[in-house]
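Asks: Here the protein sequences line up with chains A and B, keeping their order. Per my numbering, the first sequence starts with residue 1, numbered consecutively. Per my numbering, the second sequence starts with residue 1, numbered consecutively.
Just so you know, not all the hints are guaranteed correct.
[To be verified] Quick list of simulated restraints, FRET-style, between CB atoms:
no., chain 1, residue 1, chain 2, residue 2, range
1, B, Leu109, A, Gly10, 54 to 60 Å
2, A, Ala316, B, Arg51, 21 to 27 Å
3, B, Arg53, A, Gly215, 44 to 50 Å
4, B, Ile52, A, Ala316, 51 to 57 Å
Rather than coming from a laboratory, the hints here were simulated on the basis of the structure. In this text, a Cβ means the ideal position worked out from N, Cα and C, and glycines have one as well.
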Amino acid sequence: MTDIKDRFAGMLADEPPGRDDIDHVVGAGRRRLRRRTALISVAGTAGTAAVVAAVVVPLSVEGSSAPNREALITAGSHPSPPPCQSYLARPGSRRALKRDVAGIVKQWHSRGQRVYRLQQSRLTHGLERITVCSGPGDGTTKRPVTATAPASSAPRYHYSEDPQAIASRFGRELSHAVDAAGRTIVYTRPFAQETSTLESGHPSYYDGNVDVALGGDQGDIGVQVTHAVTEQVPFDGSCDPPYCSQTTLPDGSVLQTDRVDAGKGTILTAVIHRPDGLVVAAQESDYGFGPNAPVHTYGAQPLTLDQLTSLAADPAFQF
Amino acid sequence: MSQQDEEAFRAFAHAQRATLRRTAYLLCGDWHHADDLVQTTLVKLYVAWKRIRNDASPEAYTRRILTRCYLDERRRPWRREAPAAELGDQPAPHVPTEDRLDLRAALELLPLRQRATVVLRFWADASVAETADALDCSEGTVKSQTARALATLRARLDDPALVSKEFG
């Protein structure tokens with residue numbers, strides 16, 4: 001007779017030392033409580049832009065400096081809203097992010113600026129980008145009560161290639177690019193055709209990633225390919241240094257690079273927004289993501305930023 | 001949160017952290033991910049601490065947060081993998097060399113909620129009622145999930161004698 005609890009205990013025999021992060025937890029908890037308190041007060045005084053701004057701005061400052069996974073990393077906040085603002089959220093902060101975006105929407109409504117689009121896109125490494133776009137408003141016309149996403153009115157997307165063949169093709173292309181960069185793949189998460197947007201007639205998006213050997217440690221390289229919803233073509237999102245930079249390429253594409261401190265290490269992202277609406281994000285981290293990745297962070301990225309950008313710009317990543 | 005509450009939270013978190021981490025590992029099979037789950041759980045616990053500090057069993061509440069964090073995380077689209085006709089590079093075939101690797105592979109075969117059920121019941125010593133509360137399901141569902149999970153593990157591990165002392 002074998003007791004399952006004994007086998008569970010055996011499974012834990014190789015437990016690595018844990019990190020002592022209670023201070024970190026308490027700090028993140030305090031920030032979350034502050035956000036909640038602030039947002040409650042915003043709800044009580046809806047329409048008061050100054051109060052809402054007082055909520056949003058500290059979030060931006062706090063998120064960009066705090067090296068913890070609860071923090072928001074924002075591309076910046078502005079005295080008057082730009083056409084679009086993008087926010088990156090790490091895993092675990094999605095609910096908080098939703099609340100914060102709701103606060104931004106209220107802020108813009110109170111200024112008479114209609115929010116006409118909220119776009120969420122999932123990047124690799126568990127990051128999520130939320131883009132909020134505003135339309136022109138004079139403060140006198142009737143505004144919608146809630147944000148609308150007219151994306152559903154976009155024409156249905158028709159695949160010209162078998163969706164699974166696209167996933168396989170992307171997998172081969174990523175492997176080839178990583179091999180060409182001289183890195184050894186130790187783990188592959190095949191490209192998956194995500195189906196969450198198919199029902200509304202949008203094209204799906206694909207993402208996949210590989211872990212590569214870095215000395216005795218591992219790093220990770222991933223790519224996500226998707227089509228932007230048509231309202232934001234060409235891309236005109238905002239981006240503030242030093243964590244983000246934006247360049248317009250000769251063909252009209254917009255290249256945006258972000259650096260995010262993910263706690264365990266650093267994530268670099270190169271996103272290319274092509275004029276036809278295709279968005280390719282290439283990401284890398286100096287720590288592994290696979291199930292058997294070691295605990296250590298290597299401290300250097302598997303690819304240079306140029307190589308990462310080339311990966312995002314690779315014309316093979318399109319469908 | 002008052003200074004006194006914060007100190008109580010710190011003491012509780014410090015005492016529970018190792019246990020939570022092991023439970024998280026058994027749920028997700030990855031120490032990195034387990035650390036992340038524990039951190040997320042403790043942050044949520046901090047926010048709720050004022051409300052639950054006087055509960056008879058904050059441990060059960062904490063376990064519930066951990067389980068739901070795990071299930072929520074796994075439901076997210078970027079965790080899903082779709083089959084493809086032709087795949088790119090694959091990891092080397094898994095060749096278990098030790099019992100713990102066998103068990104880990106067997107656990108990975110279980111559906112999420114079955115896996116959570118066996119970990120909560122047989123590792124965390126949660127009762128059927130506590131497990132049902134953590135998974136937001138009925139006690140009958142917990143029992144049937146337990147039976148199915150054990151049957152799968154027995155078959156996968158080729159160990160028909162695999163039981164829980166508590167379970168029978």
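Asks: Flag every earlier hint the structure violates by its number, smallest first.
Replies: 1, 2
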